[in-house]
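Peer 1: Heads up: the sequence lines are chains X and S, in that order. Each residue of the first sequence is one higher than the one before, starting from 1 at the first, in my numbering. Each residue of the second sequence is one higher than the one before, starting from 1 at the first, in my numbering.
It is worth saying that the hints were derived from the structure and are not from the lab. Because the structure is a prediction, the values reported are computed rather than measured. Worth double-checking, as some hints may not be accurate.
Said to hold, decoys possible - What follows is a set of in silico ranges between Cβ atoms, one per label pair, in the way DEER data are often shown: (1) X/LYS111 / S/THR114: 24 to 30 angstroms; (2) S/ARG76 / X/LYS74: 42 to 48 angstroms; (3) X/LYS51 / S/HIS129: 44 to 50 angstroms; (4) S/SER64 / X/GLY116: 50 to 56 angstroms; (5) S/SER22 / X/GLU65: 18 to 24 angstroms; (6) S/GLU92 / X/ARG69: 46 to 52 angstroms; (7) S/VAL127 / X/LEU16: 27 to 33 angstroms; (8) S/GLY122 / X/LYS74: 48 to 54 angstroms.
To be verified - No farther apart than 27 angstroms at their CA atoms in a straight line, the calculated lysine-lysine pairs in the DSSO-like style are these: (9) X/LYS111 / S/LYS21; (10) S/LYS135 / S/LYS21; (11) X/LYS103 / X/LYS74; (12) X/LYS74 / S/LYS135; (13) X/LYS66 / X/LYS41; (14) X/LYS66 / S/LYS120; (15) S/LYS123 / S/LYS56; (16) X/LYS109 / S/LYS123; (17) X/LYS111 / S/LYS123; (18) X/LYS103 / S/LYS123; (19) S/LYS21 / S/LYS123; (20) X/LYS111 / S/LYS135; (21) X/LYS66 / S/LYS135; (22) X/LYS111 / S/LYS120; (23) S/LYS120 / S/LYS21; (24) S/LYS135 / X/LYS103.
Glycine included, every Cβ here is placed at the ideal spot set by N, Cα and C.
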Amino acid sequence: MVQFSGARLDASFAALSDATRRGILERLGIADASITDLAEKFHMTLTGMKKHVGVLEQAGLVTTEKVGRVRTCKLGLRRLEEEAAWIERYRQLWDARFDELDKVVEELKQKENVDGRKKRQ
Amino acid sequence: MDVRKDSERTSIKNRTTVERKSDREVVVTRTFHAPAHIVFEAWTTPELFKQWWVPKSMGMILRSCEMDVRVGGRYRLEFEPDAMAFFGTYLEVTPHSRLVWTNDEGGEGGSVTTVTFEEKDGKTLLVLHELHPSKEALDAAGTGAADALVETFEQLDELLVTLDASVGRP
Numbered sequence: 001m002v003q004f005s006g007a008r009l010d011a012s013f014a015a016l017s018d019a020t021r022r023g024i025l026e027r028l029g030i031a032d033a034s035i036t037d038l039a040e041k042f043h044m045t046l047t048g049m050k051k052h053v054g055v056l057e058q059a060g061l062v063t064t065e066k067v068g069r070v071r072t073c074k075l076g077l078r079r080l081e082e083e084a085a086w087i088e089r090y091r092q093l094w095d096a097r098f099d100e101l102d103k104v105v106e107e108l109k110q111k112e113n114v115d116g117r118k119k120r121q
Numbered sequence: 001m002d003v004r005k006d007s008e009r010t011s012i013k014n015r016t017t018v019e020r021k022s023d024r025e026v027v028v029t030r031t032f033h034a035p036a037h038i039v040f041e042a043w044t045t046p047e048l049f050k051q052w053w054v055p056k057s058m059g060m061i062l063r064s065c066e067m068d069v070r071v072g073g074r075y076r077l078e079f080e081p082d083a084m085a086f087f088g089t090y091l092e093v094t095p096h097s098r099l100v101w102t103n104d105e106g107g108e109g110g111s112v113t114t115v116t117f118e119e120k121d122g123k124t125l126l127v128l129h130e131l132h133p134s135k136e137a138l139d140a141a142g143t144g145a146a147d148a149l150v151e152t153f154e155q156l157d158e159l160l161v162t163l164d165a166s167v168g169r170p
C-alpha cells in the first residue's frame, strides 16, 4: 500500500486548483513543451509562466529539465510512480524485518507470562 | 496481485506503513501486540536484535552486533558475506519509549534515526523516523537497502517447499 504524505497531497491539490495550471498539465499531456512555448500558448509573461510551472513542479506534477538555454517541461507522473515504487520497496524491507521482530516479541511475551506465573505461585 | 489474497493477508498481518514526510525524512510505523518494554528489549539487546534485523530474504547474515545502549554509547553491526558495517552513536535513550541514534557509516553528517514506542491497551505503536542529510541520501538509502531484499529468495523458498512436498511421493 502506498501512502503519500499529506503535505504532498496538499501541494498537488493547491496546484490543481488553478485553471491555467490544469491547462498546462493538459498541454503537457499532449507533448513536452518549453516555458516559452507555454507562455505563448497561455498568453502570459515568461515570469508568470515560470511561477505556475514552479508550483506544478513543487507538487511533483511537472518536471523540468534545462538543456542549453531552453527549459523543457514534462508531466511528472513518472516521478510519482517512481516515488510510489521507492516507498513500496522500502516498506517491503521494513515489513520483512518487523515480521521477524514480531516473532521475537511473541517469544519474549510468552516467556514473561510463564515467568510471571511462576513468581505468583 | 490477487485482491482477495491480499486482503486476507492484511487481516492476519500487522500493517507496516511508510511515508515520506519530506525530501529528507521517511517515517515507518507498525503496531506490535506486546507491551512497550518487550518491544524495547528486542531493540536494545544484541542477542535479540540479531534475530530480526536482517530478515532471511536479505540474503545476508549479521555476523556481529555490539550495542552500548546509553547516551553517547556506540553500536556496530557487521555483515557477511561482504564485511559491510553499520555503526554510530546513541544520542537519546529513554527506556521503553525512545531511542535516537546516528548512522555514521557514510561519514560525517549521516542520517539520524529516532524510534518511539507508544504503549496503548497492551499494544505498542512503533514509529521509526529517519532524517537524512539530503534528498539524494534518502533516495539512495531506500533504493540500496531495499535492493538487498531480493524477491527471488522468496520465490526460491516457495520452490523448495514445493520440491520438499513432492519428494517421497510415489
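Peer 1: Failing hints, ascending?
Peer 2: 3, 4, 9, 11, 14, 20, 24
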